[in-house]
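Chemist: Let the hints inform the model, and build the full structure from the sequences given.
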Amino acid sequence: MSLKEEVEILRQIPLFAKIEPSKIKLLAFTSERLTYQPDDFVCEQGDNGDAAYFIMAGEADVIVETPSGPLTVATLGKNDVVGEIAILIDVPRTATIKAKTELTTLKITKDVFFRMVTEFPEMAVEMMRVLAERLVRTTDDLQKAKEIIRKDSQ
Numbered sequence: 001m002s003l004k005e006e007v008e009i010l011r012q013i014p015l016f017a018k019i020e021p022s023k024i025k026l027l028a029f030t031s032e033r034l035t036y037q038p039d040d041f042v043c044e045q046g047d048n049g050d051a052a053y054f055i056m057a058g059e060a061d062v063i064v065e066t067p068s069g070p071l072t073v074a075t076l077g078k079n080d081v082v083g084e085i086a087i088l089i090d091v092p093r094t095a096t097i098k099a100k101t102e103l104t105t106l107k108i109t110k111d112v113f114f115r116m117v118t119e120f121p122e123m124a125v126e127m128m129r130v131l132a133e134r135l136v137r138t139t140d141d142l143q144k145a146k147e148i149i150r151k152d153s154q
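UniProt numbering puts the sequence shown at residues 1 to 154.
Keep in mind that the hints were calculated from the coordinates and are not lab data. Just so you know, not all the hints are guaranteed correct.
No farther apart than 20 Å at their CA atoms in a straight line, the calculated lysine-lysine pairs in the PhoX-like style are these [as the list claims (entries may be wrong)]:
#, residue 1, residue 2
1, LYS4, LYS25
2, LYS4, LYS23
3, LYS98, LYS23
Modeler: As structure tokens, this is what we get:
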């Protein structure tokens, strides 16, 4: 994939939609494109978070460890971002990301990520939107799980 193609794909990601093309080109140049085969691990729960990954093609499962074993909580695809929580708040990875199909990602290190967010406040606002949407989904899932437990215990 050429640099030009990477820039075009990055421009489709809402996080980068309002950033001028020359800056996106710099981001593509300073990032690492990685390809994973099905069942490869992108990152594992508990690891140190040193980068975020933007999915350029393919799908990945988000898996969390539970007392009863691994649980797939989401499947992500093109234009989604993973790994941002660990680099935003310096905590170990909160989930394992596993390629479901052949997966192409753009790995953006913590330093590059923070430089971009500082330089482009609209990127920070978009990241807040992405995280808020995830919180809404998680809260909804938790509420549904509590209802199931409540019904089962009656």
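Chemist: All hints, please: hold or fail.
Modeler: Each hint, compared with the structure:
1. LYS4 to LYS25: holds (8 Å)
2. LYS4 to LYS23: holds (13 Å)
3. LYS98 to LYS23: Violated, at about 30 Å.
In summary, the one numbered hint that this structure violates is 3.
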